[in-house]
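Asks: Could you put together the complete structure from these sequences and hints?
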Amino acid sequence: MATEDARYRQSSQYRLWSFSPSHLQSLREKTSSLAVSHISNRLRASSPPVDPLPDFLTPADEAMLLNFYIVDLLRAAQFCDLPSEIQATAAIFFRRFYVTNSLMTYPPRALTMTCIFFACKAEGLYYRLQKFADKFPGITGEEVLAAEYVLCQGLRFAFDVRHPYRALEGAIMELRRLGDFDETRLARAHQRTRDILKFSPLLTDAYFHYTPSQIMFGALSMADEGLLQRLLRDAFSGQSESSKNQVLEMVQSCRAMLEKEPPERRTTYWDASASKETMKPLNKKLKKCRDPDRVDLVALQKARREQALQKTKAKVATKEDSDVFGASNGVNNGMSKEDEREAKRRRVAGGDMFGPPL
Amino acid sequence: MAVSPLILHPAGALQNARSVSSPLKNAASAQTSSNGTPLATQVVPNVAAAVQSTSLDLAEQLNEDEKRKYVKGKKLGEGTYANVYLGFLRSDPSQLVAIKKIKIQKEYTEGMAPDAVREIKHLQELSHPNIITLHSVFSSKDQNLNLVLEYLPLGDLEMLIHDTEHIRYGAADIKAWMGMLTRAIWFCHQNFVLHRDIKPNNLLIAADGEVKLADFGLARSFSDPYRLMTSNVITRWYRPPELLFGAQHYSGAVDVWSVGLVLAELVIRTPYIAGNSEIHQIQLICQAVGTPTEENWPGVTKLPDYTVDKEVVPLRGRDHYMALFGTLGAEGVDLLMKTLSLDPKKRIIARDMLKHDWWHKDPRPTRKQDLPKKSGGQAKVGDDLKRRPGVVDEEKGNKVARKLDFGATK
Numbered sequence: 001m002a003t004e005d006a007r008y009r010q011s012s013q014y015r016l017w018s019f020s021p022s023h024l025q026s027l028r029e030k031t032s033s034l035a036v037s038h039i040s041n042r043l044r045a046s047s048p049p050v051d052p053l054p055d056f057l058t059p060a061d062e063a064m065l066l067n068f069y070i071v072d073l074l075r076a077a078q079f080c081d082l083p084s085e086i087q088a089t090a091a092i093f094f095r096r097f098y099v100t101n102s103l104m105t106y107p108p109r110a111l112t113m114t115c116i117f118f119a120c121k122a123e124g125l126y127y128r129l130q131k132f133a134d135k136f137p138g139i140t141g142e143e144v145l146a147a148e149y150v151l152c153q154g155l156r157f158a159f160d161v162r163h164p165y166r167a168l169e170g171a172i173m174e175l176r177r178l179g180d181f182d183e184t185r186l187a188r189a190h191q192r193t194r195d196i197l198k199f200s201p202l203l204t205d206a207y208f209h210y211t212p213s214q215i216m217f218g219a220l221s222m223a224d225e226g227l228l229q230r231l232l233r234d235a236f237s238g239q240s241e242s243s244k245n246q247v248l249e250m251v252q253s254c255r256a257m258l259e260k261e262p263p264e265r266r267t268t269y270w271d272a273s274a275s276k277e278t279m280k281p282l283n284k285k286l287k288k289c290r291d292p293d294r295v296d297l298v299a300l301q302k303a304r305r306e307q308a309l310q311k312t313k314a315k316v317a318t319k320e321d322s323d324v325f326g327a328s329n330g331v332n333n334g335m336s337k338e339d340e341r342e343a344k345r346r347r348v349a350g351g352d353m354f355g356p357p358l
Numbered sequence: 001m002a003v004s005p006l007i008l009h010p011a012g013a014l015q016n017a018r019s020v021s022s023p024l025k026n027a028a029s030a031q032t033s034s035n036g037t038p039l040a041t042q043v044v045p046n047v048a049a050a051v052q053s054t055s056l057d058l059a060e061q062l063n064e065d066e067k068r069k070y071v072k073g074k075k076l077g078e079g080t081y082a083n084v085y086l087g088f089l090r091s092d093p094s095q096l097v098a099i100k101k102i103k104i105q106k107e108y109t110e111g112m113a114p115d116a117v118r119e120i121k122h123l124q125e126l127s128h129p130n131i132i133t134l135h136s137v138f139s140s141k142d143q144n145l146n147l148v149l150e151y152l153p154l155g156d157l158e159m160l161i162h163d164t165e166h167i168r169y170g171a172a173d174i175k176a177w178m179g180m181l182t183r184a185i186w187f188c189h190q191n192f193v194l195h196r197d198i199k200p201n202n203l204l205i206a207a208d209g210e211v212k213l214a215d216f217g218l219a220r221s222f223s224d225p226y227r228l229m230t231s232n233v234i235t236r237w238y239r240p241p242e243l244l245f246g247a248q249h250y251s252g253a254v255d256v257w258s259v260g261l262v263l264a265e266l267v268i269r270t271p272y273i274a275g276n277s278e279i280h281q282i283q284l285i286c287q288a289v290g291t292p293t294e295e296n297w298p299g300v301t302k303l304p305d306y307t308v309d310k311e312v313v314p315l316r317g318r319d320h321y322m323a324l325f326g327t328l329g330a331e332g333v334d335l336l337m338k339t340l341s342l343d344p345k346k347r348i349i350a351r352d353m354l355k356h357d358w359w360h361k362d363p364r365p366t367r368k369q370d371l372p373k374k375s376g377g378q379a380k381v382g383d384d385l386k387r388r389p390g391v392v393d394e395e396k397g398n399k400v401a402r403k404l405d406f407g408a409t410k
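Quick mapping for you: the protein sequence lines, in order, are chains Y and U.
Counting from 1, one number per residue, gives the positions in the first sequence under UniProt numbering.
Counting from 1, one number per residue, gives the positions in the second sequence under UniProt numbering.
It should be emphasised that the hints constitute simulated quantities derived from the structure, not laboratory data.
Be careful, since some hints might not be right.
Stated by the list, open to error - Counterexamples of contact, computed for chain U against chain Y with all Cβ distances above 12 Å:
{"#": "1", "residue": "G209"}
{"#": "2", "residue": "G246"}
{"#": "3", "residue": "R269"}
{"#": "4", "residue": "G275"}
{"#": "5", "residue": "N276"}
{"#": "6", "residue": "Q283"}
{"#": "7", "residue": "P298"}
{"#": "8", "residue": "V312"}
{"#": "9", "residue": "R318"}
{"#": "10", "residue": "G326"}
{"#": "11", "residue": "G329"}
{"#": "12", "residue": "I349"}
{"#": "13", "residue": "H356"}
{"#": "14", "residue": "W359"}
{"#": "15", "residue": "H360"}
{"#": "16", "residue": "T366"}
What the hints assert, rightly or not - Which stretches of chain U does chain Y cover? Using the computed rule of at least three CB atoms under 8 Å from a CB of chain Y, they are:
{"#": "17", "segment": "58–65"}
{"#": "18", "segment": "110–118"}
{"#": "19", "segment": "135–149"}
No experiment lies behind these values; they were computed from the predicted model shown.
We put the CB at the ideal spot given by N, CA and C, even for glycine.
Replies: In structure tokens form, the structure reads like this:
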């Protein structure tokens, strides 16, 4: 517990959301195959039955589409003028959600909205639901909320995301303190690294495999390798070359991952026609193979709530009934004293079910 | 790096349940039932089928696994915000837990309640012997959140403080309780979390006497310099002057003030500064500590809600505190005065509190198993946990600011 490393290992990001590449891959394959088998069953069972079954998205297709929707999510989050941390939290929520849920099961467009709204909540920025929904034509507040619960479950109720942004501020301060570099170079590297961090780690699996500081160093190395070397020299002065190289190796492999999606790709690929050519057929494919029962999340959520409500009502009713019987025939009703008291108290405090007075 | 001089770690099956490895590791081998498919009489799309469906996605499987680890027992308490149940570990029924089932809130129409989100968020990250452990969270079929919390059967510090008839305690006991509270708050701050609601009834007591900080419904992470925070937090009696004056940039110093007031309350066994309105609270602070002025707190007059009586009360000196809190000894009084510094920049920080001389002076802190306890029993557990985070019992008049800036920021 003493060191920062030990504390990071207590974080939900490490405990629940860090994987080796092969493990992550197997999770995604598992998610995909489960989705395919469930959706196949549902399509066959629908009337009229769908036959032949459509082509399903492969895990590779899903990976590509995932990024397509993350770019979309970032666009929407920027449109709401959200701070970059919250944008990043929303994007990481989205990535995490689709580790254990398939794009074919839960419609990604709806989830982008839910992720942004919930990221605001998780980061303590209270965006009014209506105000948020009004920003996007054709989206209702109900739609934004419909997937919130499913999202929380998919996130395994871990709402804290550790970002590399503060690490970068620290590194730049440290470089200034060392005093070996002129301000123009530092300012340029600072800006460049920030741009990388706002995009590349969100479009790759970096958050699943690396710590925030490793991601920051990877991005800094992309921006200005000399600065990284200087920091490491300082941090490892007096220590063995091998421990430094171990860290360096980690940083280089992270850098290699980030370089697959440098910030320029946003304009040269994602916002350009190049991506549309790839994405259009994939989206078409998705439309044909998506879960028929989960297309309308609002209706699904309503049905779930109603089911829950009925269950609660049924429970209360049984309790009240047995209480009445308990009062009339005394001992032999199988109800403990405690339950009786409980039921009575509930009736007295009956306002509960409808919440406190306005 | 940051080493607390006073930390000990408990061992035990439940603590280990929160191992560092990812529980997803075993998920890949889990099997699903394949019989969940409804028969061929439905139309596409079929929402009812999705609701009834028993074929689980991976995410749902993981949730089921989590849920199955625990057995829910009898109800310990019921409130509008949550119900609390006694529960135990399926694999080891001797390991008790409290299961807090958060109700769907009808008056809050914007989805999951922010206080529940805050509580879950922070408790997921904080693992410390003096902070209530969140073993797990799972959702039940009816979409209620279930928080599996450490079972703390001996009530809270407020019960002990105010039961002057039956409970006697001395300086050594106070030191032990304060040590545990200070370590808890040090740990929060070390992890960049502000608790923002420290008070005696949020300090729960474990079976072995350990004090555990609970109720993170108002907690938040440290803010970035450019982001404002609401000043409307912390139960009034424990709220520091900067928040009463409307400061929107603040630090761990707000919690330290509350910790100081818990210390004072432990000694005099009644809340030390108990105003019945915010204005009254400021007046009482002026009388108890001194009037905040530009001399003792540069910049204070620029805070948005700065108002004090014309008559300036000079800062209270050591003698004043010695007369009231002399049982703590000179060092104890020194620590108290440092936590009650009006200017938050001059207030002692949690880490320096842990380094204070008081802990090393006689009497030594009581060993936790020898601390006075009250057999509050299960009813009180239910009471403490079922409360909506951040609220106190209304009749006491020390209502906390419940409504955070919903909608105020955006």
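Asks: Taking the hints in turn, state whether each one holds.
Replies: For each hint, the structure was consulted:
1. G209: About 21 Å separates G209(U) from the closest Cβ of chain Y, which puts it past 12 Å; holds.
2. G246: 18 Å, holds
3. R269: About 31 Å separates R269(U) from the closest Cβ of chain Y, which puts it past 12 Å; holds.
4. G275: 25 Å, holds
5. N276: 22 Å, holds
6. Q283: 31 Å, holds
7. P298: Holds, because the least Cβ-Cβ distance between P298(U) and chain Y comes to about 26 Å, which exceeds 12 Å.
8. V312: Non-interface label on V312(U) holds, nearest chain Y Cβ at 37 Å vs cutoff 12 Å.
9. R318: It holds; R318(U) is separated from chain Y by about 36 Å at its closest Cβ, greater than 12 Å.
10. G326: Non-interface label stands for G326(U): nearest chain Y Cβ at 36 Å, farther than 12 Å.
11. G329: 31 Å, holds
12. I349: At about 18 Å from chain Y, I349(U) clears the 12 Å cut-off, so the statement holds.
13. H356: For H356(U), whose nearest Cβ neighbour in chain Y is about 20 Å away, the distance exceeds 12 Å, so it holds.
14. W359: Holds, because the least Cβ-Cβ distance between W359(U) and chain Y comes to about 19 Å, which exceeds 12 Å.
15. H360: About 21 Å separates H360(U) from the closest Cβ of chain Y, which puts it past 12 Å; holds.
16. T366: It holds; T366(U) is separated from chain Y by about 24 Å at its closest Cβ, greater than 12 Å.
17. 58–65: holds (count 5)
18. 110–118: With 6 residues closer than 8 Å to chain Y, the segment 110–118 of chain U meets the three-residue bar; holds.
19. 135–149: Contact hint for the segment 135–149 of chain U vs chain Y: holds, 8 residues under 8 Å.
When the structure is compared with the earlier hints, no violation turns up for any of them.
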